[in-house]
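> What follows is the residue order along each chain.
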Amino acid sequence: MTAPEIQKPLLDVRGLTIEIETRRGPAVIVDGINLTVGKGETVGVVGESGCGKSLTMLSLVRLLPNKIKVKGGTAEFAGRDLLRMSKSELRQVRGGKIGFVFQDPMTSLNPVMRIGDQLCEPLIYHRSMNKAEARTRAIELLRLVGIPGPEQRITAYPHELSGGMRQRVMIAMGLACDPELLIADEPTTALDVTIQAQIVDLVKDLRKKLNMSVVWITHDLALIAGLVDRVAVLYAGTVVEDAPVGELFARPTHPYTRGLLASIPKLSDERASRLSSIGGTPPEPGRRPKGCPFAPRCALAEAVCHERVPALEPVVGSNGHRVACFVAQRQMMEAA
Amino acid sequence: MTITPVNLSSSVADDEPPVSLWRDAWHRLVRNKLAVAGLAVVVLLAFVAVFGPWLTPYDFLTQDLNARNQAPSLAHLFGTDDLGRDVFSRVVYGTRTAFVVAIVVTTIAVAIGVTLGAMAGFFGGLFDRTVMWFTDMTMSVPNLLLVVVINASLKTPITAWMEARYQATLNPFYRETIWVDFLLVFGSMALISWPPYARLVRAQVLSIRGRPYVTAARALGLTNRLILMRYIVPNAIGPLIVSVSAGLGTAMVLESAFSFLGVGVNPPTPSWGNMISDGLRVWQHYPHLLAAPAAVLGLATVAFSFLGDGLNDALNPRGSK
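The listed protein sequences derive, respectively, from chains A and B. Here the first sequence stands for residues 1 to 336, where the numbers follow UniProt numbering. Here the second sequence stands for residues 1 to 321, where the numbers follow UniProt numbering.
This is chain A alone, in the form it adopts within the complex (with noise of 0.2 Å):
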């Protein structure tokens, strides 16, 4: 794997905030995300559920959900602002420079249309191919994501796919019009552990082959240790460190990342171990303290932590290390 370039960023989202609307007043559920993607670069997104990974990438492509929007940022993909672009440029970027993975392979494919037909909708919308031209293409995306007898399973349902089958053809269709950058809502999530490592490893390959930005969104870190080139650990809807996924492994400077590498179970520990886990759950929408996120379940919280939001900072003597942690950069600092 080599090291991508560093130049301008496929994807740069600055500040993104994301708001929901409850009965009580709006809520603060992504607060000021800033994250890149380079070109030809994989980056995974990690954090529990509810921490706002999946919002951030919908919010990219403007497909939130009615009462969740945008309150702030931006999000420039190839030097265009996502969030501000019309309705019909964001509909050429949508399936045409962003394709998309989504999380259930079995909800996620229109049970009343066979695959091919499904694989040809971007290309002809997209591509301005004819039906011949598509399904052309549609057959050798299928054969791209390693599903045998192309030519027949085309005219298959979803239905008649089995779950790792379907996620094969969500990945096709997000690579239907080669995308430039392929968001992936943690795709695995719904499969089989034997699928699972057989989707990350298709994305592994074709991603190379295709030279394609990802993102993908995991809570899974252990899974995507050996796909991705970077790590954004997002808590509570915000950017806690931000690694290389080698130094994040070697040296997890937040509390939090280190909590969530320790709950990983090995097979070294003994067999009387109990799991580590993380106490505590994380803030609620609307009910966000007043300054890190994560200090009421940190064991290291100090006085700062409770009063102000630390800012995402780089790591001393770390090539593209950050961390938003004070106890963590003061640590650094001393031991500098």
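Errors might be hidden in some of the hints.
Said to hold, decoys possible - Within a straight-line C-alpha distance of at most 25 Å, the following computed SDA-like cross-link-like pairs (lysine to any residue) qualify:
#, chain 1, residue 1, chain 2, residue 2
1, A, Lys87, B, Leu226
2, A, Lys69, B, Leu126
3, A, Lys69, B, Gly125
4, A, Lys87, B, Thr215
5, A, Lys131, B, Pro234
6, A, Lys67, B, Asn224
7, A, Lys67, B, Met132
8, A, Lys87, B, Gly125
9, A, Lys87, B, Asn224
10, A, Lys87, B, Arg230
11, A, Lys131, B, Asn235
12, A, Lys69, B, Asp128
13, A, Lys69, B, Thr223
14, A, Lys97, B, Asn224
15, A, Lys87, B, Phe123
16, A, Lys69, B, Pro212
17, A, Lys67, B, Ser207
18, A, Lys209, A, Gly149
19, A, Lys131, B, Thr215
20, A, Lys69, B, Ser207
21, A, Lys71, B, Gly210
22, A, Lys97, B, Thr223
23, A, Lys67, A, Gly50
24, A, Lys67, B, Pro212
25, A, Lys67, B, Gly124
The hints are simulated quantities; they were obtained by calculation from the structure and are not laboratory data.
Knowing the structure of chain A, use the given hints to seat chain B on it.
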């Protein structure tokens, strides 16, 4: 692009032929005896409606005053009426009337209902509220009253206009008042029949538009029109088919009811409703005059209802135990 496929084990047997949703539903439908019986009757009636005039032994209008009010016999299967017309032929022709009215009315009602309902559900907001307001308003007016008012207020002026046109042009087309009948019957019945379809489709669309495959379609950059027509409406169609099947039966009953009340298809065009109305006056003496059209109307209604139930089970396999 030259890419080697990633190898994997398929859980789908390669020799298994693809089974479409519809074929699947069809298999479930034919396993349901009542539904098959209903379907058979519906097909028979449809056949009679299309080919009836060539099948009947007598013309439905020809009077034979020497053979009035005859009981059923081999010559007249359902007997004859008070003008000596063959009741069987009239019932057969009435089938055509019933089908034409039911199909045209249901088609118009479904077209209006699906369009408005789907758009209301999909776009929401003010459009949705307006459509639902019209739906509620239409549903709150008593059906029969509305139809009677429409017919009573429009029939005379239209007929008068037609007659004036005939006097002016001598074109025999303007003497064909049957078209006025049909127009008024179709129009007024469609007007009262669309709201249930609109509501049904709207509710379906509301539940479907939030499904992941619709979000996925949006993420592919497809237009609203394409998403509505290819992703949402086809998925809403199952309950609609059921409702249409039942609706055809209802429309037949409705047509008969209007004819019975004298606001439907006018004599001498045979309609089950006006035959029942005529038969009711003399049923103590000539019960066959009432029994024949009533039985056929009942049969048709039951058949459509069984077929509708069968379709419901076939298209919602999870709902049917």
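> Would you check the hint for Lys97(A) and Asn224(B), treating anything up to 25 Å between C-alpha atoms as holding?
holds, 19 Å
> Against the 25 Å threshold, does the CA-CA distance of Lys97(A) and Thr223(B) hold or violate the hint?
holds, 16 Å
> Hey, Lys69(A) versus Gly125(B), does the alpha-carbon distance stay inside 25 Å?
holds, 17 Å
> Could you grab the alpha-carbon distance between Lys69(A) and Pro212(B) and see if it respects the 25 Å cut-off?
holds, 19 Å
> Holds or violated: Lys67(A) with Ser207(B), Cα cutoff 25 Å?
Distance ~16 Å between Lys67(A) and Ser207(B) Cα, so the pair holds.
> Between Lys87(A) and Phe123(B), does the CA-CA distance stay at or below 25 Å?
Given that 25 Å is the threshold and the Cα spacing comes to 15 Å, the pair holds.
> When you check the alpha-carbon spacing of Lys69(A) and Asp128(B), does it fall within 25 Å?
With a Cα-Cα distance of about 22 Å, the restraint between Lys69(A) and Asp128(B) holds, given a limit of 25 Å.
> Given the hint that Lys131(A) pairs with Asn235(B), test it: the Cα-Cα distance must not exceed 25 Å.
holds, 23 Å
> Given the hint that Lys69(A) pairs with Ser207(B), test it: the Cα-Cα distance must not exceed 25 Å.
OK: Lys69(A) and Ser207(B) at ~21 Å, within 25 Å.
> Holds or violated: are the alpha carbons of Lys69(A) and Leu126(B) at most 25 Å from each other?
Holds. Lys69(A) to Leu126(B) sits at ~20 Å (cutoff 25 Å).
> Would you mind confirming whether the straight-line C-alpha gap from Lys131(A) to Thr215(B) stays at or under 25 Å?
holds, 24 Å
> For a C-alpha distance cap of 25 Å, please report whether Lys87(A) and Leu226(B) respect it.
Distance of about 15 Å is within 25 Å: holds.
Hint check: no violations occur; every hint is consistent with the structure.
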